[in-house]
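Residues per chain are reported as follows:
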Amino acid sequence: MKTLKTYAILYLVFLYAPIFLLPLFAFNTSTIIAFPLTGFTTEWFTALLDITEMHSALFNSLKIAVTSAVLATIFGIFGAMASTRYHFPGQKGIMGFIMLPLVLPEIIVAVSLLVVILKLGLSTGSWSVIAGHTLICTPFAIAILNSAFAALDPSLEEAAYDLGETRASTFRRVTLPLVMPGIVSALLISFTISMDEFIIAFFLTGADPTLPVYLFSMLRFPKLLPAVMALGTILVVLSILLITIAEIFRRRGAKRAGLKDTGGFL
Amino acid sequence: MTIKAKPERKPLISLQNIQKHYGEYHALRGINLEIGEGEFFSLLGPSGCGKTTLLRTIAGFEDIDSGSVMLAGKDMMGVPANKRPTNMVFQSYAIFPHLTVAENVAFGLRKSPLSKAEKAEAAEAALNMVGLSGYGNRAAHALSGGQRQRVALARALVLKPKVLLLDEPLSALDRKMREQMQVELIKLQREVGITFILVTHDQEEALVMSDRIAVMFEGEIAQCDDPEVLYRRPKTSAWRILLA
Amino acid sequence: MLVSPTALYALLLLAVPLIAIVVISFLTQTGVRDFAPGPSLVNYKEALSDPLYRELMLRSLMVSGSVTVVTVLLAFPIAYFVSFGVKPEQKSLWIFLITIPFWTSYLIRVFLWKVILGYNGVLNSGLKLVGIIDEPLTFILYNVNAVIITLAHAYAPFAILPIFVALEKIDRSYLEASRDLGESRTMTFLRVTLPLAAPGVVAAVLIVFIPTIGDYVTPKLVGGPGGTMIANMIQTQFLRLNNAPLGATLAVLAMLIVAVIAIVFLIVGYRAAGGGKKGGRG
Numbered sequence: 008m009k010t011l012k013t014y015a016i017l018y019l020v021f022l023y024a025p026i027f028l029l030p031l032f033a034f035n036t037s038t039i040i041a042f043p044l045t046g047f048t049t050e051w052f053t054a055l056l057d058i059t060e061m062h063s064a065l066f067n068s069l070k071i072a073v074t075s076a077v078l079a080t081i082f083g084i085f086g087a088m089a090s091t092r093y094h095f096p097g098q099k100g101i102m103g104f105i106m107l108p109l110v111l112p113e114i115i116v117a118v119s120l121l122v123v124i125l126k127l128g129l130s131t132g133s134w135s136v137i138a139g140h141t142l143i144c145t146p147f148a149i150a151i152l153n154s155a156f157a158a159l160d161p162s163l164e165e166a167a168y169d170l171g172e173t174r175a176s177t178f179r180r181v182t183l184p185l186v187m188p189g190i191v192s193a194l195l196i197s198f199t200i201s202m203d204e205f206i207i208a209f210f211l212t213g214a215d216p217t218l219p220v221y222l223f224s225m226l227r228f229p230k231l232l233p234a235v236m237a238l239g240t241i242l243v244v245l246s247i248l249l250i251t252i253a254e255i256f257r258r259r260g261a262k263r264a265g266l267k268d269t270g271g272f273l
Numbered sequence: 046m047t048i049k050a051k052p053e054r055k056p057l058i059s060l061q062n063i064q065k066h067y068g069e070y071h072a073l074r075g076i077n078l079e080i081g082e083g084e085f086f087s088l089l090g091p092s093g094c095g096k097t098t099l100l101r102t103i104a105g106f107e108d109i110d111s112g113s114v115m116l117a118g119k120d121m122m123g124v125p126a127n128k129r130p131t132n133m134v135f136q137s138y139a140i141f142p143h144l145t146v147a148e149n150v151a152f153g154l155r156k157s158p159l160s161k162a163e164k165a166e167a168a169e170a171a172l173n174m175v176g177l178s179g180y181g182n183r184a185a186h187a188l189s190g191g192q193r194q195r196v197a198l199a200r201a202l203v204l205k206p207k208v209l210l211l212d213e214p215l216s217a218l219d220r221k222m223r224e225q226m227q228v229e230l231i232k233l234q235r236e237v238g239i240t241f242i243l244v245t246h247d248q249e250e251a252l253v254m255s256d257r258i259a260v261m262f263e264g265e266i267a268q269c270d271d272p273e274v275l276y277r278r279p280k281t282s283a284w285r286i287l288l289a
Numbered sequence: 195m196l197v198s199p200t201a202l203y204a205l206l207l208l209a210v211p212l213i214a215i216v217v218i219s220f221l222t223q224t225g226v227r228d229f230a231p232g233p234s235l236v237n238y239k240e241a242l243s244d245p246l247y248r249e250l251m252l253r254s255l256m257v258s259g260s261v262t263v264v265t266v267l268l269a270f271p272i273a274y275f276v277s278f279g280v281k282p283e284q285k286s287l288w289i290f291l292i293t294i295p296f297w298t299s300y301l302i303r304v305f306l307w308k309v310i311l312g313y314n315g316v317l318n319s320g321l322k323l324v325g326i327i328d329e330p331l332t333f334i335l336y337n338v339n340a341v342i343i344t345l346a347h348a349y350a351p352f353a354i355l356p357i358f359v360a361l362e363k364i365d366r367s368y369l370e371a372s373r374d375l376g377e378s379r380t381m382t383f384l385r386v387t388l389p390l391a392a393p394g395v396v397a398a399v400l401i402v403f404i405p406t407i408g409d410y411v412t413p414k415l416v417g418g419p420g421g422t423m424i425a426n427m428i429q430t431q432f433l434r435l436n437n438a439p440l441g442a443t444l445a446v447l448a449m450l451i452v453a454v455i456a457i458v459f460l461i462v463g464y465r466a467a468g469g470g471k472k473g474g475r476g
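Protein chains in written order, with our numbering: chain P, 8 to 273; chain B, 46 to 289; chain D, 195 to 476.
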């Protein structure tokens with residue numbers, strides 16, 4: 008087990024190594040991303056403030072991410088409630104299909120949506136990116152909300168009903184508060200996925216790029232590389248922050264329901 | 046089967062020829078029963094005999110195929126569970142984990158015309174009755190099994206139902222707790238004075254606590270009598286069940 | 195029915211487009227948005243006969259296959275460690291730490307590998323600085339090797355999780371029983387743990403193999419001309435050559451091949467796990 012532990016630590020180092028390079032070189036004075044380090048500077052970060060196209064790309068991404076997260080979570084609530092509470096014909100098949108985007112290569116999703124949009128004579132835009140992102144985030148939302156709803160003792164809702172509540176007020180007073188951590192978690196995860204997503208945005212974006220798409224265009228200019236490192240640092244820190252918050256909420260929800268922790272949205 | 050006779054009490058619940066199927070499965074095969082006011086009544090039988098189904102039918106959580114359920118002279122057909130004068134203590138107790146003990150107990154009082162202070166008083170009185178006075182501010186998820194059960198009782202009783210339904214309330218407790226709670230339930234029922242209907246598979250429990258017991262088997266009532274009569278002069282079918 | 199909004203959305207945005215792709219593969223494109231009427235097999239003929247596409251497909255399969263093997267092999271010990279070597283209250287922390295990189299931007303991570311493996315990149319400059327090499331290594335960027343390394347890094351968590359779940363499900367008393375009956379630790383692992391973990395390994399293989407075949411970003415950024423994969427060609431057909439039907443055809447063929455391989459593997463894996471007869475509490 009000792010050797011395994013060493014292996015595990017080395018593995019983690021390997022996993023995180025590239026990411027640690029980001030802050031390392033984002034504060035480095037050299038324009039070339041290589042050793043040795045030349046000096047400390049924050050100029051790349053301040054340079055980011057001047058790139059206005061990046062700002063609009065960022066704003067676009069935020070808009071898309073918030074919308075996709077909300078839609079995906081709503082779809083996720085419906086899907087999770089249906090799959091944990093009821094049994095209907097073809098349940099496995101339908102749920103399996105809804106979860107399909109988890110294993111499909113994203114390019115297939117992107118390309119097929121593009122085909123439909125072209126065929127319908129429509130033009131791409133933020134709406135098409137939102138549509139695509141919602142599609143791939145919903146399975147994640149369902150997975151998270153499935154465990155949130157499954158952890159809910161069904162007799163809790165029956166008890167509320169027995170004590171005089173209606174179905175609607177039962178949902179509001181009992182169900183919703185108890186799955187709220189799961190909802191928050193699903194929102195944060197979907198938001199993060201959408202913010203980081205590249206391929207679908209690349210294919211389906213209109214005139215205004217999303218941040219990852221803009222980032223991709225920056226990669227062609229060697230002079231911009233340090234700025235890319237700076238931007239990358241910010242994005243990675245934000246992602247990690249959001250995911251940590253999501254995890255805290257998930258744990259809090261599980262604790263409230265009095266469950267043991269099984270380790271994630273599995 | 047003939048209607049089971051009721052004792053000197055006024056009949057409160059009248060079940061006539063209740064039939065229920067779950068798909069192919071015949072869960073309740075013609076239940077005829079009258080339960081009186083203030084009676085401590087038990088439904089006893091092995092798992093799968095239909096006792097919980099019958100309880101839930103009275104509560105309004107299960108529909109019936111045919112027959113009638115009358116509560117206090119009113120037909121309960123079409124009356125949903127949240128509008129019936131019954132309240133239930135669930136097998137898992139179903140204490141809301143996101144609320145305090147006091148909030149749990151006062152949960153059903155939301156729609157009542159009482160003032161906030163009156164509701165708090167009523168909740169505290171109910172907690173007192175079950176021996177948990179002062180527990181109001183505790184977080185619900187930090188309670189022991191026995192404490193949870195008492196909160197469930199308080200929560201149901203504070204609404205002053207005409208009938209209290211208990212679904213295997215003692216099965217999750219250890220032996221010592223169980224014996225203690227048996228005594229407390231009897232005391233409670235006498236104090237509150239309303240009808241208790243208890244579902245159990247434990248014959249000792251039923252014999253100790255009940256005024257009358259209905260022994261059920263495969264969807265039917267095999268025998269319905271006082272504990273004494275049941276113990277000394279059981280009908281053959283009921284004897285088989287009691288021995289099991 | 196509660197599931198209807200979600201199901202409807204999936205139907206409209208997943209089923210319909212997938213069907214559309216199949217349909218389009220049988221058409222020919224004449225203008226930017228014009229399609230010649232009538233189905234034809236022209237695209238399929240071209241896709242199947244032109245050696246370029248065949249080579250791309252084979253390369254994609256080879257890359258995916260290598261990535262899958264490497265990733266799953268490296269992942270198993272980690273999953274085993276977290277399941278058997280970590281205290282229960284720390285397990286979810288480990289899993290959390292392992293999955294965090296997955297939640298950061300994929301594009302950035304691939305770009306970072308480009309930066310690492312470059313001629314004047316981090317690895318080379320670092321090794322030069324320390325004195326291990328004099329000349330920069332050239333075999334690590336802008337070819338298939340770079341693609342494999344980058345993909346293996348990106349998909350590592352994908353492989354670890356299913357194996358971990360499967361290992362967690364194994365009732366520990368099975369292992370104790372095996373030891374009690376006289377088996378050594380190694381033999382217990384081979385005869386009990388591994389077969390019971392097989393479903394997790396199968397899942398890990400599929401979860402890595404299927405998406406990596408269709409990866410676009412990695413081959414584009416670090417693959418160079420010799421490291422492009424089928425997704426890059428699909429994109430080229432769609433967005434640069436205005437030949438959506440051919441792109442669609444390639445996509446359909448790629449999906450079919452992957453589906454066949456996946457099904458075959460599932461059957462093999464199912465048999466290896468004992469056909470569910472001596473499964474865990476799965």
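By construction, these hints were calculated from the structure, which means they are not laboratory data.
Some clues are possibly wrong.
What the hints assert, rightly or not - With a cut-off of at most 27 Å between alpha-carbon atoms, the simulated DSS-like pairs for lysine-lysine come out as follows: (1) B:Lys164 x B:Lys221; (2) P:Lys230 x D:Lys414; (3) B:Lys164 x B:Lys207; (4) P:Lys126 x D:Lys308; (5) P:Lys230 x D:Lys363; (6) B:Lys164 x B:Lys55; (7) P:Lys9 x D:Lys363; (8) D:Lys414 x P:Lys12; (9) B:Lys128 x B:Lys55; (10) P:Lys12 x D:Lys281; (11) D:Lys308 x P:Lys230; (12) P:Lys99 x D:Lys363; (13) B:Lys128 x B:Lys156; (14) B:Lys119 x B:Lys221; (15) P:Lys9 x D:Lys308; (16) D:Lys363 x P:Lys12; (17) B:Lys232 x B:Lys164; (18) D:Lys285 x P:Lys9.
What the hints assert, rightly or not - If the Cβ cut is set under 8 Å, some of the chain D residues that face chain P in the computed set are: (19) Val197; (20) Leu208; (21) Ala214; (22) Leu235; (23) Val236; (24) Tyr238; (25) Lys239; (26) Leu267; (27) Pro271; (28) Tyr274; (29) Tyr300; (30) Ser367; (31) Tyr368; (32) Pro405; (33) Ala453; (34) Val454.
Quick caveat: nothing in here was measured; it's all calculated off a predicted structure.
For each residue, glycine too, the CB sits at the ideal point set by N, CA and C.
Going through the hints against the structure:
1. Our distance criterion of 27 Å between C-alpha atoms is broken by B:Lys164 and B:Lys221, whose separation comes to about 34 Å.
2. Under the criterion of a C-alpha separation no larger than 27 Å, the hint pairing P:Lys230 with D:Lys414 is consistent with the structure, at around 20 Å.
3. Pair hint B:Lys164 plus B:Lys207 holds up; C-alpha atoms about 19 Å apart against a cutoff of 27 Å.
4. The straight-line distance between the Cα atoms of P:Lys126 and D:Lys308 is roughly 37 Å, outside the 27 Å bound, and the hint therefore fails.
5. Straight-line distance between C-alpha atoms of P:Lys230 and D:Lys363 comes to about 51 Å, which puts the hinted pair past the 27 Å bound.
6. Note on B:Lys164 and B:Lys55: the hinted pairing is violated, with a Cα-Cα distance of about 31 Å set against a maximum of 27 Å.
7. The straight-line distance between the Cα atoms of P:Lys9 and D:Lys363 is roughly 23 Å, inside the 27 Å bound, and the hint therefore holds.
8. Distance check on the hinted pair: D:Lys414 and P:Lys12 sit about 35 Å apart at the alpha-carbon level, beyond 27 Å; violated.
9. Pair hint B:Lys128 plus B:Lys55 holds up; C-alpha atoms about 23 Å apart against a cutoff of 27 Å.
10. Proximity of P:Lys12 to D:Lys281 is assessed by CA-CA distance (about 12 Å); at most 27 Å being required, the pair is judged to hold.
11. Between the alpha carbons of D:Lys308 and P:Lys230 the distance comes to roughly 15 Å, so the proposed pair stays at or under 27 Å and holds.
12. Simply put, P:Lys99 and D:Lys363 have alpha-carbon atoms about 22 Å apart, close enough for the 27 Å limit, and the pair holds.
13. Straight-line distance between C-alpha atoms of B:Lys128 and B:Lys156 comes to about 12 Å, which keeps the hinted pair within the 27 Å bound.
14. Between B:Lys119 and B:Lys221 the CA atoms are separated by roughly 41 Å; this puts the pair beyond 27 Å, and the hint is violated.
15. At roughly 34 Å between alpha-carbon atoms, P:Lys9 and D:Lys308 are farther apart than 27 Å, so this suggested pair is violated.
16. With a C-alpha separation of about 21 Å, the suggested pairing of D:Lys363 with P:Lys12 holds against the 27 Å cut-off.
17. Between the alpha carbons of B:Lys232 and B:Lys164 the distance comes to roughly 24 Å, so the proposed pair stays at or under 27 Å and holds.
18. As the CA atoms of D:Lys285 and P:Lys9 are separated by approximately 17 Å, the hinted pair is consistent with the 27 Å bound.
19. Proximity of D:Val197 to chain P holds as hinted, the smallest CB-CB distance being about 3 Å (cut-off 8 Å).
20. Annotation: D:Leu208 was flagged as interfacial toward chain P, and the flag holds, the nearest CB pair being 6 Å apart, inside 8 Å.
21. Checking D:Ala214 against chain P: minimum C-beta separation of about 5 Å stays under 8 Å; hint holds.
22. Against a cut-off of 8 Å between C-beta atoms, the interface hint on D:Leu235 is violated, since the closest Cβ of chain P lies about 18 Å away.
23. At its closest, the beta carbon of D:Val236 sits 17 Å from a beta carbon of chain P; the interface hint therefore is violated under the 8 Å criterion.
24. Hint status for D:Tyr238 relative to chain P: violated, with the closest Cβ pair at about 17 Å, above 8 Å.
25. With 8 Å as the threshold, the beta carbon of D:Lys239 stays out of range of chain P, its nearest partner Cβ sitting at about 20 Å, so the hint is violated.
26. A least Cβ separation of about 12 Å between D:Leu267 and chain P goes past the 8 Å threshold, and the interface hint is therefore violated.
27. Taken as an interface hint, D:Pro271 checks out: its beta carbon lies about 6 Å from the nearest beta carbon of chain P, inside 8 Å.
28. With its C-beta approaching chain P no nearer than about 7 Å, D:Tyr274 sits inside the 8 Å limit, and its interface hint holds.
29. With 8 Å as the threshold, the beta carbon of D:Tyr300 comes within range of chain P, its nearest partner Cβ sitting at about 6 Å, so the hint holds.
30. The restraint placing D:Ser367 at the interface with chain P is violated, with a minimum CB-CB distance near 18 Å, outside the 8 Å limit.
31. Contact between D:Tyr368 and chain P, as hinted, is not supported at the beta carbon level, the nearest pair being about 19 Å apart and thus beyond 8 Å.
32. This hint holds: D:Pro405 has a C-beta 5 Å from the nearest C-beta of chain P, less than the 8 Å allowed.
33. With a cut of 8 Å, the hint placing D:Ala453 at the interface with chain P is violated, because the nearest CB-to-CB distance is about 11 Å.
34. Interface restraint check: D:Val454 against chain P, minimum CB-CB distance 15 Å, threshold 8 Å, status violated.
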